[in-house]
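Spelled out from the first residue to the last, the chains are:
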Amino acid sequence: MPFEYRSDIAHADVAFDAWAPTLEELFGEAARATMEVMVENLAEVRPAQTLEVKLEQENEEMLLFDFLNELLFYKDARRLILLPGEIEISPSDGGLTVRATLLGEEIAPTRHEMRTDVKAVTMLRYKVERVAQGWRATVVLDV
Amino acid sequence: MNVPAELKRISETIWELPVSHKEGMLVPARIVASEKLIHEMDAGVFEQVSNVATLPGIQRYAYCMPDGHWGYGFPIGGVAAMDPGSGVISPGGIGFDINCGMRLVLTNLTAEQVQPKLHQLIDRLFARIPTGVGCQGFIKMKSDDFRSVVQQGSRWCLKNGFATQNDLDMTEEGGCFPGANASDISQKAVERGYNQLGTLGSGNHYCEVQVVQPQNIIDQDLADAFGLTTVPNQVVIMFHCGSRGFGHQVATDYLKLFLSVMERKYGIKIVDRELACAPFHSPEGQAYFSAMKCAVNMAFANRQVILHRIREVFSDLFHASPDELGMRMVYDVAHNTAKLERHLVNSSRKELLVHRKGSTRAFGPGMPGLPECYQKTGQPVIIGGSMETGSYLLAGMSTGGDAWFTTAHGSGRTMSRHEAKKNFRGDKLQRDMEQRGIYVRTDSFGGLAEEAGAAYKNIDEVVEATELAGLSKRVARLVPIGNIKG
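Protein chains in written order, with this note's numbering: chain Z, 1 to 143; chain D, 1001 to 1486.
Extracted from the complex, chain Z is given alone in its bound form (with noise of 0.2 Å):
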């Protein structure tokens, strides 16, 4: 399993472990993890848009962070679900660059089953580290 779900952290909030073999699949991961928060059915959900995004940190954590911030960005203010598609980070003189395709569909509350909104990423236990078999992260949302 990728992701899951923690309750042991956050009673009023949603709290996940999320992990992959190189960072920029733990990006996905979060990412994925993130959404499924808001989305029941996220299979449903169309790549009939794409955008790029390109988000510049001084390191993991925080690009990370500003990673996910990005979605509920593009959530309140187009309304749109969107799931990574391809992602690249590398180093840059800042720290690091993520580079990524996101693709998804404005909200169609016929067709997506909607459940609680996210409203923030939240440093509370946040980590982001490398660990034996690649990358974990934990990460607790506001909702």
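Note that these hints are calculated values from the structure, not bench results.
This one's a predicted model, so the numbers in the text were calculated from it and none came from an experiment.
Backbone N, C-alpha and C define an ideal beta-carbon position, used for all residues, glycine too.
Only true hints are included.
Mimicking DSBU-like on lysine-lysine, the simulated pairs with C-alpha atoms at most 35 Å apart in a straight line are:
#, chain 1, residue 1, chain 2, residue 2
1, D, K1022, Z, K127
2, Z, K127, D, K1008
3, D, K1269, Z, K127
4, Z, K54, D, K1140
5, D, K1256, D, K1350
6, Z, K127, D, K1188
7, Z, K54, D, K1142
8, D, K1376, D, K1036
Output of the computed footprint for chain D on chain Z, the stretches with three or more beta carbons under 8 Å from beta carbons of chain D:
#, segment
9, 70 to 80
10, 115 to 128
Since chain Z is already given, all that's left is putting chain D on it; use the hints.
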């Protein structure tokens, strides 16, 4: 058993962790709870309230209210007052949903009059008040106009025909925190929020139709003063929502900014990154204070526009104007704010920056800032229970000074959302509730299951604890008959 060994009982409902409990605590941490509630508290409450006690400039105590539960940075239910000169401002002490709050609105309709039309009423409220993830408001505006909304709050609503002067009078600070400057908010925050004015949201946000049954009036004089007993079995409306994506983005923007300057520029070390903060009088602290006020004002305007819609729905259905239906606001209470207030410290009055996160201001009788009509009664306090178990109207007490005249904000969760979804099914819960006389419409059965009554603390015990602690006094219990949920 989560209770730390060092926890001392100070009175029937006040518990204290001394400064020796954790390295760096500057003041003791106090938790308001009955014996039963203290043993039900999350371990996270003790951890987080004692972390709050380490923040620079904190005065007297770090507090947690009896509905307290595990949050981020501060516990939900957290209260802390800082000396503005030496202290900090922390987004973690306010929350991401800035000025999430509640309103209570009266009608002169009785339950007997509303029951035959209850399904129609709830269906129409559900159709007319946008709910759920990604919902958009019914007021179309340009992003520049939105900048006026966040600077003016409810005053913008009054100018644009969505409010009455009495609505503003019944809202803290007249529905507009002064000093909100839109130049302190990001374009991203504007884009995230400008199409959401007049939306309820999801999670624990709801709009509920309730009945004041005569046997549930606890203090007749206060109930009369608050306008609760104009008719027997009076129907009232309570709703809960906040500053939506705009406020969430403001909080995220400044959490990141504070993390980048806190230690590097100001040498402040904290025990939890969610407590990121900056000196109140620093440029970053002042910018956040202003941006937070913008989000406070957005939330006031959001609840005001929703109130306008509720009035339209009632007016259409019952063929009478909102005035004829007696649709007067009792009060609007804010849950997630920081505000400069004057309080007694060591016998002299001092200006303090009071953070309230998941807790409610509860000014006692005679305090400045209350409308004239509530000067003798104290502030009305609206406590939303779970959608199954009822809610309360309380009044602030003159004995609440130790907790900076603050009380609880709701029931408080005891069960995680994940666990609640494992234990309850939304569609079954909806049917069961209807059999018990509560008609619910929702955008999400998963979301409904998460809000089941059994996932929350016992509201009766929570409000009783606040009364025994001298923070707020019970006026009436309110019973739900209909609810719309995101």
